[in-house]
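Protein chains: 4
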Amino acid sequence: MLKKERFEAFTDAVIAIILTILVLELKLPGNDHSIHALIKILPKFAAYIMTFIFIATMWVNHHFLFSQAKGITNQIIWTNFVWLFIASLLPATTAWLGSDIFARTSAILYVINVVLFNLATLLLRRQVTSKNNLNNMQNLSRKEHISMAVNLLTLVVTWFFPPFPLCWTHYQHHSLVASSY
Amino acid sequence: MLKKERFEAFTDAVIAIILTILVLELKLPGNDHSIHALIKILPKFAAYIMTFIFIATMWVNHHFLFSQAKGITNQIIWTNFVWLFIASLLPATTAWLGSDIFARTSAILYVINVVLFNLATLLLRRQVTSKNNLNNMQNLSRKEHISMAVNLLTLVVTWFFPPFPLCWTHYQHHSLVASSY
Amino acid sequence: MLKKERFEAFTDAVIAIILTILVLELKLPGNDHSIHALIKILPKFAAYIMTFIFIATMWVNHHFLFSQAKGITNQIIWTNFVWLFIASLLPATTAWLGSDIFARTSAILYVINVVLFNLATLLLRRQVTSKNNLNNMQNLSRKEHISMAVNLLTLVVTWFFPPFPLCWTHYQHHSLVASSY
Amino acid sequence: MLKKERFEAFTDAVIAIILTILVLELKLPGNDHSIHALIKILPKFAAYIMTFIFIATMWVNHHFLFSQAKGITNQIIWTNFVWLFIASLLPATTAWLGSDIFARTSAILYVINVVLFNLATLLLRRQVTSKNNLNNMQNLSRKEHISMAVNLLTLVVTWFFPPFPLCWTHYQHHSLVASSY
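Residue numbers (our numbering), protein chains in the order written: chain A, 1 to 181; chain B, 1 to 181; chain C, 1 to 181; chain D, 1 to 181.
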């Protein structure tokens with residue numbers, strides 16, 4: 001009754017738009033065509049790369065998860081909307097982080113956004129695996145606990161050193177991709 | 001002759017873009033990285049959440065409705081375009097509502113936008129059910145009458161207390177999802 | 001070799017985005033929540049409705065045309081890109097028209113944009129019908145000649161009365177939908 | 001396990017959005033409706049056409065390449081994300097180029113962006129052909145070497161004559177399309 005293909009295509013369209021809206025922040029000044037204008041947006045560019053990698057990783061996870069799912073329940077659709085909602089906030093929090101990488105509030109907000117997205121992915125995976133009896137994914141729980149511990153640690157470090165998220169996603173990337181197989 | 005898949009995919013693309021354009025309003029100031037900047041956009045954020053839930057609900061309804069439909073007529077395509085047109089106004093009316101939640105004109109405009117979207121959904125459902133002989137959906141008419149009464153009541157309450165729409169969508173959400181099954 | 005489905009899906013995504021980008025122009029002022037702010041954007045709103053109907057019509061035409069096509073040639077792909085390119089200019093020309101409906105240059109530019117889109121649709125239809133031997137579409141040529149005559153007349157009238165395009169699309173809508181069957 | 005269709009649809013959605021975001025730069029002034037306003041944005045318009053043709057060409061290449069592919073590996077997905085990332089920078093670099101076509105830094109940056117996109121396409125093609133044993137594509141290597149030589153020459157010429165990229169993409173277009181068959 002619920003078509004998996006339409007559900008996946010809709011999710012992909014939203015993720016594709018979020019991914020591309022990010023780049024709207026990378027505005028180069030129309031009245032300054034020097035190399036300094038480029039250097040000035042480097043922090044924004046770094047924040048953009050990070051979030052791009054992060055969303056790409058999450059899309060790959062989503063792709064793997066649902067390629068094994070047979071049925072989509074109403075509960076999964078709404079958890080997926082929560083997942084999309086949290087993802088849709090990333091362009092705003094990324095832009096705020098990039099506009100001053102040494103500010104604490106924006107750095108903490110960005111990390112909270114990423115952590116919430118991780119939690120939503122975790123919830124989505126639980127629901128899909130339990131509804132589809134995917135036993136081979138149950139042994140991920142240990143990896144997930146490590147991932148959550150890393151997330152909390154990141155929050156603490158970011159409090160004392162705000163630019164920390166810019167070094168952080170690369171680790172997250174490997175940890176999350178790894179946990180998909 | 002008319003392909004349901006292409007029709008659905010196009011509708012989904014438009015809805016996905018509307019959903020994501022909403023977030024473009026959530027701009028955090030580049031020169032203020034304090035907690036106050038966050039508090040300042042809370043009304044916009046509340047308006048964003050509401051419209052996000054509302055559009056998500058409507059997409060789920062659309063999904064359910066057309067999963068049961070076999071044929072798409074020319075009339076259904078054009079009613080669907082009216083439906084998409086009204087939906088496409090939501091980012092603008094949501095942004096206006098969010099910029100001052102105590103203003104009456106913007107609150108009324110927002111509620112009118114939502115009511116029109118409800119009416120268009122109702123019209124679309126009538127056309128699809130009658131063309132596809134979906135009898136099991138006919139018993140929705142009582143629920144729809146209640147929903148419309150709630151809508152009109154909301155209009156009246158919003159006139160006297162403009163921030164009312166911010167408390168209102170949650171009810172709408174349940175009423176609309178419920179009416180799909 | 002060339003997959004019609006991927007070609008159609010890509011075209012639909014571009015058209016869906018163009019349709020939705022249009023609405024970004026409909027910005028209501030954050031510091032004026034009176035009914036006057038609404039009245040002020042009425043010309044923009046009228047221009048938006050027109051272009052929305054126009055693009056919707058063209059999408060329906062595209063849908064019908066390719067639902068009958070079996071093969072996609074390289075030539076059709078590139079004519080389709082020209083078609084998409086001209087469509088992609090509509091948000092900019094619509095916004096310019098809407099910002100002052102009594103200005104001549106912007107009204108003429110808008111009509112030229114619409115005429116070019118019509119011509120591209122005509123070219124696309126010719127190529128698809130000739131490559132797929134769709135004879136039942138050949139009797140459209142007379143209707144197309146009338147449509148082109150109307151277009152040229154519109155250009156002349158717009159020169160003397162710039163707001164004319166705002167009354168004009170409704171006719172165009174019927175003429176174009178009619179010519180698809 | 002990895003579905004080619006979902007992978008292609010996601011790529012198409014991102015490319016479609018990038019293609020359409022480009023046009024957001026083509027803003028006509030709301031307070032000047034003369035022919036001079038049109039002439040003023042001609043350099044931006046030229047830059048827009050160029051990048052539109054370039055991205056369209058790359059999409060056609062992508063379409064042809066993956067229409068012959070049977071399997072998608074994890075490596076291909078990530079190379080494709082690099083490809084999409086470089087493409088997502090084109091709206092920003094195109095806008096910078098268009099805002100002053102005689103500035104050297106922005107012209108060089110644009111050419112670097114295009115060259116990186118070409119390199120990513122080349123890498124993607126290598127991976128897809130080697131994983132799918134597509135021998136008939138191996139004889140492209142000579143054409144690719146010529147294409148790269150042209151790219152490097154363009155970089156040198158742009159250094160001395162910044163508006164050069166505006167004459168250049170047309171050649172690139174033919175060279176790249178030709179190399180797909």
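Please note: incorrect hints may appear among the correct ones.
Each computed DSBU-like pair below joins lysine-lysine, with the alpha-carbon atoms no more than 35 Å apart [unchecked claim]:
hint, chain 1, residue 1, chain 2, residue 2
1, D, K3, A, K70
2, D, K27, C, K131
3, A, K3, B, K3
4, B, K3, B, K44
5, B, K27, B, K131
6, B, K4, C, K27
7, D, K44, C, K27
8, A, K131, D, K4
9, A, K40, D, K44
10, C, K40, C, K27
11, C, K3, C, K70
12, B, K44, A, K4
13, A, K70, B, K131
14, B, K70, A, K44
15, D, K131, D, K3
16, D, K27, D, K44
17, D, K4, D, K70
18, C, K3, D, K40
19, B, K3, B, K27
20, B, K131, C, K3
21, B, K131, B, K3
22, A, K40, D, K27
23, B, K27, D, K27
24, D, K27, D, K70
25, A, K40, A, K131
Chain B residues, not near chain C, derived (Cβ > 12 Å throughout) [unchecked claim]:
hint, residue
26, V14
27, K44
28, L65
29, S106
30, L119
31, A120
I should point out that these hints are in silico values taken from the structure, not numbers from a laboratory.
Note that this is a predicted model, so its numbers are computed, not measured.
Beta carbons: idealized from backbone N, C-alpha and C, even for Gly.
Status of each hint after checking the structure:
Distance restraint check for D/K3 and A/K70: the Cα-Cα separation of roughly 14 Å lies within the 35 Å cut-off, and the hinted pair is therefore satisfied. Restraint check for D/K27 and C/K131: not satisfied, since their Cα atoms lie roughly 38 Å apart, outside the 35 Å limit. In summary, the hint linking A/K3 to B/K3 is supported, as the alpha carbons are separated by about 16 Å, within the 35 Å threshold. With a CA separation close to 39 Å, the supplied pair B/K3 and B/K44 exceeds the 35 Å bound.
A C-alpha spacing of about 45 Å is found between B/K27 and B/K131, which places the hinted pair above 35 Å, so the restraint is violated. Taking the CA atoms of B/K4 and C/K27, the gap is about 34 Å. The hint holds against a cut of 35 Å. Taken as a hint, the D/K44 and C/K27 pair is honoured in the structure, with Cα atoms around 24 Å apart against an allowance of 35 Å. Restraint check for A/K131 and D/K4: satisfied, since their Cα atoms lie roughly 25 Å apart, inside the 35 Å limit.
For the proposed pair A/K40 and D/K44, the alpha carbon gap of about 23 Å is at most 35 Å, so the pair holds. In summary, the hint linking C/K40 to C/K27 is supported, as the alpha carbons are separated by about 11 Å, within the 35 Å threshold. For the suggested pair C/K3 and C/K70, the alpha carbons sit about 10 Å apart, so the restraint of at most 35 Å is met. The suggested pairing of B/K44 with A/K4 holds, with an alpha-carbon distance near 33 Å, which does not exceed 35 Å.
Restraint check: the Cα-Cα separation between A/K70 and B/K131 comes to about 30 Å, which is no more than 35 Å; the hinted pair holds. Restraint check: the Cα-Cα separation between B/K70 and A/K44 comes to about 49 Å, which exceeds 35 Å; the hinted pair is violated. Proximity of D/K131 to D/K3 is assessed by CA-CA distance (about 16 Å); at most 35 Å being required, the pair is judged to hold. A threshold of 35 Å between alpha carbons decides the hint, and for D/K27 with D/K44 the separation of about 10 Å falls inside it, so the pair holds.
Between D/K4 and D/K70, the direct Cα distance comes to roughly 8 Å. Compliance with the 35 Å bound is thereby established for this hinted pair. For the hint pairing C/K3 with D/K40, the CA-to-CA distance comes to about 41 Å; that exceeds 35 Å, so the pair is violated. Distance check on the hinted pair: B/K3 and B/K27 sit about 39 Å apart at the alpha-carbon level, beyond 35 Å; violated. About 31 Å separates the Cα atoms of B/K131 and C/K3, which keeps this hinted pair within 35 Å; it holds.
Restraint check for B/K131 and B/K3: satisfied, since their Cα atoms lie roughly 16 Å apart, inside the 35 Å limit. Between the alpha carbons of A/K40 and D/K27 the distance comes to roughly 25 Å, so the proposed pair stays at or under 35 Å and holds. Using a Cα cut-off of 35 Å, the hinted pair B/K27 and D/K27 holds, with the two alpha carbons roughly 21 Å apart. Straight-line distance between C-alpha atoms of D/K27 and D/K70 comes to about 43 Å, which puts the hinted pair past the 35 Å bound.
With a C-alpha separation of about 49 Å, the suggested pairing of A/K40 with A/K131 is violated against the 35 Å cut-off. Look at B/V14: its CB is around 5 Å from the nearest CB on chain C, not clear of 12 Å, so calling it non-interface is violated. Here B/K44 does not stay apart from chain C, with its beta-carbon only about 10 Å from theirs, under the 12 Å limit. Taking the minimum C-beta to C-beta distance to chain C, about 20 Å, the non-interface status of B/L65 holds against the 12 Å cut.
At roughly 5 Å, the least C-beta separation between B/S106 and chain C is not larger than 12 Å, which violates its mark as non-interface. Consistency note on B/L119: stated as away from chain C, and its beta-carbon is indeed over 12 Å from all of that chain's, at 18 Å minimum. Against the 12 Å criterion, B/A120 stays outside the reach of chain C, whose nearest CB is about 14 Å from its own CB.
Figure legend: structure checked against the earlier numbered hints; hints not met, in rising order: 2, 4, 5, 14, 18, 19, 24, 25, 26, 27 and 29.
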